[in-house]
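K.L.:
Chains as they are written, first to last, in the working numbering: chain Y, 3 to 713; chain D, 706 to 780.
Note that these hints are calculated values from the structure, not bench results. If a hint is listed, it holds; no wrong ones were tucked in.
From chain D, some residues computed to sit far from chain Y (all C-beta separations above 12 Å):
#, residue
1, 706
2, 707
3, 708
4, 776
Facing chain D, a subset of chain Y residues (Cβ under 7 Å, in silico):
#, residue
5, 148
6, 150
7, 179
8, 181
9, 297
10, 404
11, 509
12, 510
A partial selection of chain D residues facing chain Y, derived with a Cβ cut-off under 10 Å:
#, residue
13, 728
14, 729
15, 730
16, 733
17, 739
18, 757
19, 760
20, 764
21, 765
22, 768
23, 774
From the three backbone atoms N, C-alpha and C, an ideal C-beta is built for every residue, glycine too.
For reference, the chains in residue letters:
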Amino acid sequence: MADDLAGGGTMGVGTAGMEHDMGNHHGHHHRRGLSVLLPIARQHMHHQEEAVPTVAFVGNPNVGKSTLFNAILGASASVMNAPGTTVLVERGRLRRVNATWDFVDTPGTASLDALSPDERVASEAAMGRAGNPQPDVIVAVFDATSPSKSLYLLSQLIDLGRPIVAAVTMLDLASRQGSPISVATLSRLVPGLDFVAVDGRDGKGTDDLLEAIGARLAAKEQADAATALRQPPRISAVPAPGRAASQEEVSSWVRATADQRFEWTARIVADLNPCTPDAANPAPTFSDRLDRVLLHPVAGIAIFLAVMYLVFEATTAIAAPINDWFDVTVRGWAATAIDWIFAGLAGPGSLSTWPHSLLVNGLLDGCITVLTFIAPMGIIFITLSLLEDSGYLARAAFVMDKAMRVIGLDGRAFLPLVVGFGCNLPALASTRTLPDSRQRLMTGLLIPFTSCSARLSVYIVLAYAFFGHYAGLAIFLMYVASILIILGVGLLLRRTRFRDLTTQPFAIGLPPYQMPRLLQLGKSVAMRLWAFLTGASSIIITMIVIMWFLSAIPVSAGAAGTNSFGHVDDVHDSLYGAVATSVAPIFTPAGFNDWHASAALITGFVAKEVVVGSMSQSYQIHTSDDASGQEQGQGTLGQAVRKSFIASSHGHGAAAAAAFMIFVLAYTPCLATVAEMRRQYGGKIAARSVGAGLVIAYILAVIVFQVGRLL
Amino acid sequence: MTESLRTCPLGVDMEICRIDLSSAYRFRLRELGFREHERIRVIQKANFGGRVVAHGTERIAVDGATARHILVQLH
Chain Y
3 MADDLAGGGT MGVGTAGMEH DMGNHHGHHH RRGLSVLLPI ARQHMHHQEE
53 AVPTVAFVGN PNVGKSTLFN AILGASASVM NAPGTTVLVE RGRLRRVNAT
103 WDFVDTPGTA SLDALSPDER VASEAAMGRA GNPQPDVIVA VFDATSPSKS
153 LYLLSQLIDL GRPIVAAVTM LDLASRQGSP ISVATLSRLV PGLDFVAVDG
203 RDGKGTDDLL EAIGARLAAK EQADAATALR QPPRISAVPA PGRAASQEEV
253 SSWVRATADQ RFEWTARIVA DLNPCTPDAA NPAPTFSDRL DRVLLHPVAG
303 IAIFLAVMYL VFEATTAIAA PINDWFDVTV RGWAATAIDW IFAGLAGPGS
353 LSTWPHSLLV NGLLDGCITV LTFIAPMGII FITLSLLEDS GYLARAAFVM
403 DKAMRVIGLD GRAFLPLVVG FGCNLPALAS TRTLPDSRQR LMTGLLIPFT
453 SCSARLSVYI VLAYAFFGHY AGLAIFLMYV ASILIILGVG LLLRRTRFRD
503 LTTQPFAIGL PPYQMPRLLQ LGKSVAMRLW AFLTGASSII ITMIVIMWFL
553 SAIPVSAGAA GTNSFGHVDD VHDSLYGAVA TSVAPIFTPA GFNDWHASAA
603 LITGFVAKEV VVGSMSQSYQ IHTSDDASGQ EQGQGTLGQA VRKSFIASSH
653 GHGAAAAAAF MIFVLAYTPC LATVAEMRRQ YGGKIAARSV GAGLVIAYIL
703 AVIVFQVGRL L
Chain D
706 MTESLRTCPL GVDMEICRID LSSAYRFRLR ELGFREHERI RVIQKANFGG
756 RVVAHGTERI AVDGATARHI LVQLH
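Just chain Y, with the same shape it has in the complex (with noise of 0.2 Å):
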């Protein structure tokens, strides 16, 4: 599909397979790295006296580390992908009493021996390699469940010789699996390195983690001054590689030294459970318990499949008032506000000016469809911190790994495409779950084929005007179709620009089960929602503005020759009507060369939901507000596309309908998809994702047609 899709290599092994430019393609030739992320004056900056010291969070992953960073950055925090990838990475300046500096969350990772661009990301990060800024202070954070996996990782951070802080989470889960861990026993255990106990889900300790962050900031400048910073003994006598090193050179570096951190690794965890030389503890852990029924190789699979239909029911039924109220009760407010203006600062004659139709059909139209995402967008980053918060995230990797291999996914990928035969925005969003970059990547180009529910409103007015008695079964089989499109599609990425997908062995540490504290997920809730509104609105709120001046503009006088600007009498006699007539020949091999349905589907990139309204406006019919889709189909505004198509296909318009509605599953779902995923991954893939979905679109309904015109 496209560059920026390739994985550059095979199997994903080592450093093959990753997506690393950091900017070298996109004209950041002397900033690389996460240091592109930094305002240019910061930059500057850090060659000058004033720098701002950058702390950076290393870690597993699942160890709580963003957690603890949001709890520390709160909204000052933002995520944005690492450059020239699609590698997340979190980032923030911390204001204290003197003192500034600029925190940098890195992707979990479990060695700087990188297997993935996210790993890679992090590597780069800690060792302040390609371009990325040298840390300050690296926070390691430790997971106090998982000290084996811990210690490993500290290992290496600490052969780096830079200031080292490390964050100890958990602590209370391993005390409940009865670890007598404790940060007074590794601290003894570990000399010359601070731990510091700290809850993210509840900010406990982060004040004492700054004020060790503060104080390795200020022994590094009295080191820097007379004499060497105070570390922790190297691991290792084999030096690190330095900034410049690749990542081939880092990755040898850690394989070479491997047995000895192995060896330190296994000495502490013995120390720090000196009475327990059997592999685990006796006793099952309540983690344990809960995981017989969870991951059971049947019941497992049935509670998975059960929380991900309470996800999508979530996303959708208890979204579908909250829509409607925006969509009637707040619309009816602002416009009745609206006209209470005009009418009082030019008279009533000014409510059929443009200038109010501007505002009335275009920019408030435009805000009530953001306001209209709020719904979904909030159930559905509600019901994934639950997920997370909880632990079940990562199990559900494990109970659908096998079934999502055959694109190469792991289970993860499974939840973003069940909540896009919702809404495809949410499931976007859901994405960000998927903790390795191409996963999320793959999964967020397939999301467009799942078929959403607006969809559905186009399928019930064509299924019951062309297939009659047949119209359930038609539209069954549009989902069959989508389904079968993403596993197509999922295939043909998967041998293509994702074939570093496919392999990988699947072992991932298991986080114990937790309960969701209620605050920070309010908090994280918000972030998240706060960062969509403003990251997704004004391409939303541009684009519908855009359409109105489109369908306001006249390019005839009509027939009543009255068109003026802002009043088009007959869609057809607008810029909007003659793009569509212009289009509409293209889809003569799909057998709907009709300028209605062309105009159809151009508003249907604004929005799905609103094709039919826009057939029904093309084709001069006034339905009720209450008439429903199957009455519709059945009806006048049927009866107008049967006409249409059968004569825009030459009298195959069972055929014709059947391409368009292929047409509709494939294409674009959304502006505010566009939006969203130009948001995560970038334009340039934005734009090719709504390419390729056009071009697959457009083949899938000639095919249908021409095989369905000989039927």
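Please build the complex by placing chain D on the supplied structure of chain Y, with the hints as guidance.
P.N.:
For chain D alone, coordinates are given in the frame of chain Y:
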């Protein structure tokens, strides 16, 4: 006698003998705690041969194919 993680019984302590995977993956599994002579215990069978392994307080889930390539000796 060695057998694979996939076929060994639940709740029995065992020692890792060998990992029959390519060097990169073998190394990653070692990084995750699957090292020769380490003591582990399978505590849960999952679908398609997947296994949950207890290693101290840590719990690691491995898929069926990977479990087949981890050879262990029962205690």
